[in-house]
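Colleague: Taken in sequence, the protein lines are chains A and B.
Heads up: the first sequence begins at 62 in our numbering, then just goes up one per residue.
Heads up: the second sequence begins at 38 in our numbering, then just goes up one per residue.
Hints are computed from structural coordinates only; laboratory data are not their basis.
A portion of the hints provided could be inaccurate.
Just so you have them, the derived chain A footprint on chain B, three or more residues with Cβ under 8 Å [what the hints assert, rightly or not]:
1) 116-123
2) 163-173
A few chain B positions that, by computed beta-carbon distances, are all more than 12 Å from chain A [unchecked claim]:
3) Asp46
4) Ala108
5) Glu111
6) Gln243
7) Ala311
We put the beta carbon where it would ideally sit given N, CA and C, even for glycine.
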Amino acid sequence: MHTSAPVYLDWAATAPVLPEAVAAVAEALREVGNPASVHAFGRRARARLEAARRTVARSFGVDPDGVVFTSGGTEANQLALYQARGPILVTAIEHSCILEAVPQAPRIPVRAAGVVDLAAAERLIFEHRPALVACQLANNETGAIQPVAELARLARAHGARVHVDAVQAAGKLDCAPEALGADTVAVSAHKLGGPMGVGALLARPGVALIPRQPGGGQEGGRRAGTPNLPGIVGFAAALERVARIDWSPIAALRAQLEADVRRIAPELVIVAEAVPRLPTISCLLLEGLTAETQLVALDLEGIAVSAGAACSSGKLAPSHVLLAMGYTQAQARCAIRVSLGWSTGGEEIARFLVAWEHLYKRWRARKAA
Amino acid sequence: MRDHSADLDLPPGARVVVAMSGGVDSSVAAALLHRLGFEVVGVTLQLYDQRAIRRDGKSCCAGRDVEDARAVAERLGIAHYVLDFEERFRKAVIEDFADSYAAGRTPVPCVRCNERIKFRDLFDFARDLGAQALATGHYAQRVRGPHGLELHRAFDRARDQSYFLFTLSPEQLAFVRFPIGHLAKSRVRAIAAELGLPVADKPDSQDLCFAPDRDHVRVVAALRPEALAPGEIVDQAGRVLGRHEGIARFTVGQRRGLKVAAKVPLYVTAIDAARSRIVVGPRRAGLVGAVRLTDCSWLAAPEVGEVVAVKHRYNEPAVAAQITCAADGTARVRFVEPQAGVAPGQACVAWRESRLLGGGWIAATEPWAVCAASCLDDAHASA
Numbered sequence: 062m063h064t065s066a067p068v069y070l071d072w073a074a075t076a077p078v079l080p081e082a083v084a085a086v087a088e089a090l091r092e093v094g095n096p097a098s099v100h101a102f103g104r105r106a107r108a109r110l111e112a113a114r115r116t117v118a119r120s121f122g123v124d125p126d127g128v129v130f131t132s133g134g135t136e137a138n139q140l141a142l143y144q145a146r147g148p149i150l151v152t153a154i155e156h157s158c159i160l161e162a163v164p165q166a167p168r169i170p171v172r173a174a175g176v177v178d179l180a181a182a183e184r185l186i187f188e189h190r191p192a193l194v195a196c197q198l199a200n201n202e203t204g205a206i207q208p209v210a211e212l213a214r215l216a217r218a219h220g221a222r223v224h225v226d227a228v229q230a231a232g233k234l235d236c237a238p239e240a241l242g243a244d245t246v247a248v249s250a251h252k253l254g255g256p257m258g259v260g261a262l263l264a265r266p267g268v269a270l271i272p273r274q275p276g277g278g279q280e281g282g283r284r285a286g287t288p289n290l291p292g293i294v295g296f297a298a299a300l301e302r303v304a305r306i307d308w309s310p311i312a313a314l315r316a317q318l319e320a321d322v323r324r325i326a327p328e329l330v331i332v333a334e335a336v337p338r339l340p341t342i343s344c345l346l347l348e349g350l351t352a353e354t355q356l357v358a359l360d361l362e363g364i365a366v367s368a369g370a371a372c373s374s375g376k377l378a379p380s381h382v383l384l385a386m387g388y389t390q391a392q393a394r395c396a397i398r399v400s401l402g403w404s405t406g407g408e409e410i411a412r413f414l415v416a417w418e419h420l421y422k423r424w425r426a427r428k429a430a
Numbered sequence: 038m039r040d041h042s043a044d045l046d047l048p049p050g051a052r053v054v055v056a057m058s059g060g061v062d063s064s065v066a067a068a069l070l071h072r073l074g075f076e077v078v079g080v081t082l083q084l085y086d087q088r089a090i091r092r093d094g095k096s097c098c099a100g101r102d103v104e105d106a107r108a109v110a111e112r113l114g115i116a117h118y119v120l121d122f123e124e125r126f127r128k129a130v131i132e133d134f135a136d137s138y139a140a141g142r143t144p145v146p147c148v149r150c151n152e153r154i155k156f157r158d159l160f161d162f163a164r165d166l167g168a169q170a171l172a173t174g175h176y177a178q179r180v181r182g183p184h185g186l187e188l189h190r191a192f193d194r195a196r197d198q199s200y201f202l203f204t205l206s207p208e209q210l211a212f213v214r215f216p217i218g219h220l221a222k223s224r225v226r227a228i229a230a231e232l233g234l235p236v237a238d239k240p241d242s243q244d245l246c247f248a249p250d251r252d253h254v255r256v257v258a259a260l261r262p263e264a265l266a267p268g269e270i271v272d273q274a275g276r277v278l279g280r281h282e283g284i285a286r287f288t289v290g291q292r293r294g295l296k297v298a299a300k301v302p303l304y305v306t307a308i309d310a311a312r313s314r315i316v317v318g319p320r321r322a323g324l325v326g327a328v329r330l331t332d333c334s335w336l337a338a339p340e341v342g343e344v345v346a347v348k349h350r351y352n353e354p355a356v357a358a359q360i361t362c363a364a365d366g367t368a369r370v371r372f373v374e375p376q377a378g379v380a381p382g383q384a385c386v387a388w389r390e391s392r393l394l395g396g397g398w399i400a401a402t403e404p405w406a407v408c409a410a411s412c413l414d415d416a417h418a419s420a
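Please take these sequences and the hints and turn them into a complete structure.
Modeller: Take a look at the structure:
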């Protein structure tokens, strides 16, 4: 049994809440007041909500009017899809909260390298005349950064709206809708050091949003329900802090991790290695050594990684992202995602490597026997 | 509680993977190992979609098994993982089960599950985790004998499950442990209650865990519908006596469900899958004197001429037989007394007193009448 401190390398599933966000949430929880109320308590709550909205708007380069707070990335994505008045095109590597929401939508294929095939996208846009095209900014399993601006140009040339799921990229890349050429952008707080249960749909100026959830007229009539004020102020506090993070040491750690793991196992594949990736995600595939085995063996050593997207049932289906990239079912069952964050240190990477090397050697010995 | 660490043949603190089904037996197996200071890693195999077999919103114990295993692990404070084995289980056990019925055989899915899932894939998983043993809640005993490891019947003879373990190889036996094999079932339940395990009063699991309402016909119907096509019931001479609603509804030795009027009680004596025919006859017509086994597995081969105890069906008492093993993995088992209800597809397993020797799969049967006549020849040949 492991005795040293546990090693958390599953930041892409959720990041630790930043101390600034914890303080902001705690402070908000101590206050009473519904932002919709007329009295002084309500006015103060409203002021806190709007201050947070301005912070979020500034962080993502939109007007405060263009920020609709939601319960998280899933709701933000689905609110964006709801705007389409016509066919929707998605990429084959979208998160399941998009793919499952529009199961009939044609899927833009990706190239083996892990990024959207723009030529295929153009053909599909021409063929389907979509009202909306949805694409991730960075893939949650491989970290591969998608050619969103190019795809957006193609889509807009044909009059389609563009939605970008930036849940995994927010806090690391510029997610301003204007910069991406997007009409809407979905972000989530808990991936960047804020609390769970809060996110936002960001809209470019002039983009009207139809409410998917009618009711009390909150969020400018675009999302009913009393806003999650503690979550929202925590989100804003996290954004202010995360903007000051320098990701280059993390990128260097990731590079070291990948070099070392490849030295241990030369046959290992680093998925999407050839394309620009987020500095925080490494998807490692070793055919024959299942993700289940790797996850459990590492967990027993106190090291937390994941196999692609976390699924609430705990069941590990082969990753649709890897299948879309052309890996076989058997290969797609053998990939783990190691994801780093601002507090990841060299000691943790070293612990991961020791545990992984032990597992690899046992597995090789069994295979050889 | 007695200290069993010596029996378990493991160094102190060793990592042990325990296959936890969510039942009381494997829960107590995990609990005993944990109390002895081993690093217990509980693993529950999700073998089939438990929601799919629940009907009418009735509470179904199968649907709770994974949750029960989780609750026990939590209570014990041990690591616990649920592994998705649905696809492997469907291919290696459920499809094999349906294919057997379609071929006119009567399968034993529990042996297949042990052979192809628990002691193969889970075995590899445990070794990859660096575990020093894989423990299960089977009622069987692993004993270190004068010439190496032996597998014996459970202390609680009524619960003995060594029949289902006949495919174990020496290498597998070296790695597995049966922490409750030396306990009476009542004692296992008492330990579960003493430890406050939430499954102490849970009913025993049944065969055919994957079949809704233990109804094997529905499973076969979904996968091999031809095994439920109507056909003829014929006598030994081929005369048509009636009709049946699918060969998968029958096993050799069966009397129920024939719906054929006759002066003497009729039993299924053979299943002719190629012609979708059920062959029936009076009891003596179905008596078997010997069986041919294939895919045999022997932890210890029976000696020439040795009279051993065999079971040709799990739920039958052991009977006396002599076994001749061939180098190609086949064997011939000659029963001392005529046997009824011997069905191809079943496992035939042999013991020397309490020690499991091994067994094989019944591929063909020889009628008692033929066999009795040839016994004399055999005696001359071996003399």
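Colleague: Confirm or reject each hint.
Modeller: Hint by hint, here is what the structure shows:
Residues of the region 116-123 of chain B with a Cβ under 8 Å from some Cβ of chain A number 5, which satisfies the need for three, so the listed coverage holds. With 4 residues carrying a beta carbon less than 8 Å from a beta carbon of chain A, the region 163-173 of chain B meets the three-residue requirement, and the given coverage holds. Even its closest Cβ contact with chain A, about 21 Å, leaves B:Asp46 beyond 12 Å, as expected for a residue assigned away from the interface. The claim that B:Ala108 is not at the interface with chain A holds, since no C-beta of that chain comes within 12 Å of its own (minimum 15 Å).
With a cut of 12 Å on Cβ distances, B:Glu111 stays outside the contact zone with chain A, its closest approach being about 14 Å. Look at B:Gln243: its CB is around 25 Å from the nearest CB on chain A, clear of 12 Å, so calling it non-interface holds up. Residue placement check: B:Ala311 keeps its beta carbon more than 12 Å from all beta carbons of chain A (closest about 35 Å).
The earlier numbered hints are all upheld by this structure, with none contradicted.
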